[in-house]
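A.B. asks: Sequence:
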Amino acid sequence: MKRYLKEGVVPSLFPNTPSYLSQSPAAARTSTKASSSSRRALEASQLAELEASFTENDDISTLSCAEVLAKLQSEAVVPTGFSFTVLNDSLLVYVLQGNADIPTVTAGIVLKPDMTVVCSVEDKLVPASQYSDLVEGSINRLSQLVNLMARVKSWSTDPTSASLSFHVQTAVTALETALDNLPDRESEEHRKITFIVEQLRLLTKNKYGRHYSPQLTILGFLLHAASSAAYSVLLEENVLCLPSTRTLKKVTRRLNCPSTSDNCAYLKLRVTKLNEFERTVLLIVDEIYSAKRVEYSGGDVLGLTADGNVASTLLCFMVKSLAGKYKDIVALYPMDRLTAAKQHACYQEVMTTLHSTALNVVAVSVDNAATNRKFYIDFLCDGTLKTQVVDSVTGEQHRRVHQLLTLAVSERR
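Heads up: the sequence shown begins at 1 in the numbering used here, then just goes up one per residue.
No wet-lab data here; the hints were simulated from the structure.
No residue lacks a Cβ here, since even glycine has one placed at the ideal position from N, Cα and C.
You may find that some hints are simply not true.
Claimed, not checked - What follows is a list of derived Cβ distance ranges for each label pair:
no., residue 1, residue 2, range
1, N99, D59, 32 to 40 angstroms
2, D286, K325, 18 to 26 angstroms
3, V105, H167, 16 to 24 angstroms
4, S228, A100, 25 to 33 angstroms
5, E56, E188, 57 to 65 angstroms
6, R185, K268, 15 to 23 angstroms
7, E236, S83, 50 to 58 angstroms
What the hints assert, rightly or not - With a cut-off of at most 20 angstroms between alpha-carbon atoms, the simulated PhoX-like pairs for lysine-lysine come out as follows:
no., residue 1, residue 2
8, K268, K249
9, K207, K249
10, K112, K124
11, K327, K273
12, K268, K342
13, K192, K325
14, K207, K250
15, K320, K268
16, K273, K325
17, K273, K320
18, K268, K327
19, K327, K374
20, K386, K374
21, K71, K112
22, K192, K273
23, K374, K342
24, K342, K327
Make the full structure from the sequences, and use the hints.
C.D. replies: In structure tokens:
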């Protein structure tokens with residue numbers, strides 16, 4: 001059997017000959033020169049291993065507070081000055097200082113069993129918004145707690161490091177706690193503190209991004225209605241955060257509609273801040289004489305009645321609280337010639353509005369004008385003067401406090 005060498009093979013082993021004539025095949029040489037891509041791959045692999053190892057050691061989401069304490073004490077990089085203890089299954093991390101031989105906790109962090117935290121500085125709670133960039137919700141990593149300790153310590157040792165927002169939010173938190181402890185939510189103290197809290201919140205926001213509460217909007221509207229010049233001075237002094245006059249005009253445009261009697265939306269806003277006693281009101285009807293002239297203002301023609309005549313009188317419907325200081329205008333009707341029939345039609349429209357706003361009318365007050373007497377006797381009392389009338393909206397006779405509709409008018413004709 002003949003044997004053939006493979007193609008390209010050269011004999012190198014010769015038996016029965018001196019060894020120097022035979023050579024063993026040399027191992028293939030590998031290149032020891034590292035390329036830039038291989039170095040980057042090696043560095044990335046090492047960094048990934050280090051990151052995985054750090055993340056595994058940094059994870060405390062499954063540990064108890066006692067285990068977190070042990071891990072924190074063994075940590076090399078921890079802000080100095082802190083003491084640690086476990087109390088009621090919660091981890092307390094605090095800075096204790098002695099002032100005139102009296103120990104005081106100047107800063108503290110409470111880590112609860114569910115891994116949520118509460119921070120305090122100088123016996124005041126720090127709003128969570130001030131450290132939401134470090135901790136959002138619960139703590140999952142030890143590094144989060146260490147960074148939070150450093151920030152809380154800086155707040156307690158260097159007050160200038162805290163922003164204006166920090167001090168404002170801390171004050172708001174303290175005032176809101178006081179509000180929660182007030183038994184009467186309708187008291188003057190509650191209303192005043194609520195006003196201060198809103199002012200502090202608006203202080204930290206850009207004036208073009210502010211959202212005013214209905215109560216503050218109504219207050220601004222009433223101030224502007226009482227004296228537009230005084231309101232302008234308040235805005236110029238910039239001591240209070242109030243809606244601009246342009247904002248108030250937008251609000252009034254939304255509240256008003258073609259009929260001057262439809263201020264239902266505005267009244268509903270006002271009534272929300274009244275208690276049950278303040279909602280019991282007296283309806284006052286009166287006439288205001290005006291100059292007979294027509295003016296064009298803001299795209300509207302002013303001074304005309306609904307039927308297009310020049311108005312000489314304004315029929316005014318007002319409400320006044322019997323057990324409070326609340327008073328407001330419900331509607332103004334331009335009139336060229338006031339009659340009892342027109343007055344009754346306006347009265348029914350006003351009563352419909354008042355019923356929708358939860359105001360309880362228990363009395364009607366008019367003066368002794370002939371038109372008022374005719375309106376009351378012929379339209380409300382069916383021709384005979386009475387001390388009580390049927391509700392023109394519900395058709396039911398008023399009872400109890402709603403029962404008596406008294407007329408401040410003489411029976412003389």
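A.B. asks: Work down the list of hints and note, for each, if the structure agrees.
C.D. replies: Hints, verified against the model:
1. N99 - D59: 32 to 40 angstroms: 39 angstroms, holds
2. D286 - K325: 18 to 26 angstroms: Since D286 and K325 have Cβ atoms about 20 angstroms apart, the given range 18 to 26 angstroms holds.
3. V105 - H167: 16 to 24 angstroms: Given about 19 angstroms between the Cβ atoms, the range holds.
4. S228 - A100: 25 to 33 angstroms: 56 angstroms, violated
5. E56 - E188: 57 to 65 angstroms: 58 angstroms, holds
6. R185 - K268: 15 to 23 angstroms: 19 angstroms, holds
7. E236 - S83: 50 to 58 angstroms: 52 angstroms, holds
8. K268 - K249: 18 angstroms, holds
9. K207 - K249: Between K207 and K249 the Cα gap is close to 17 angstroms, so the pair holds against 20 angstroms.
10. K112 - K124: 18 angstroms, holds
11. K327 - K273: 13 angstroms, holds
12. K268 - K342: 26 angstroms, violated
13. K192 - K325: With Cα atoms ~16 angstroms apart, K192 and K325 stay inside 20 angstroms; holds.
14. K207 - K250: 16 angstroms, holds
15. K320 - K268: Distance of about 15 angstroms is within 20 angstroms: holds.
16. K273 - K325: It holds: about 12 angstroms lies between the C-alpha atoms, which stays within 20 angstroms.
17. K273 - K320: Holds - the C-alpha atoms of K320 and K273 are around 15 angstroms apart, at most 20 angstroms.
18. K268 - K327: Roughly 14 angstroms between the alpha carbons, so the hint for K268 and K327 holds.
19. K327 - K374: Violated, because 27 angstroms separates the two Cα atoms, which is more than 20 angstroms.
20. K386 - K374: 13 angstroms, holds
21. K71 - K112: 16 angstroms, holds
22. K192 - K273: Judged against 20 angstroms, a Cα distance of about 13 angstroms means the pair holds.
23. K374 - K342: 11 angstroms, holds
24. K342 - K327: It is violated: about 24 angstroms lies between the C-alpha atoms, which goes past 20 angstroms.
Checked against the numbered hints above, the structure breaks hints 4, 12, 19 and 24 and satisfies the rest.
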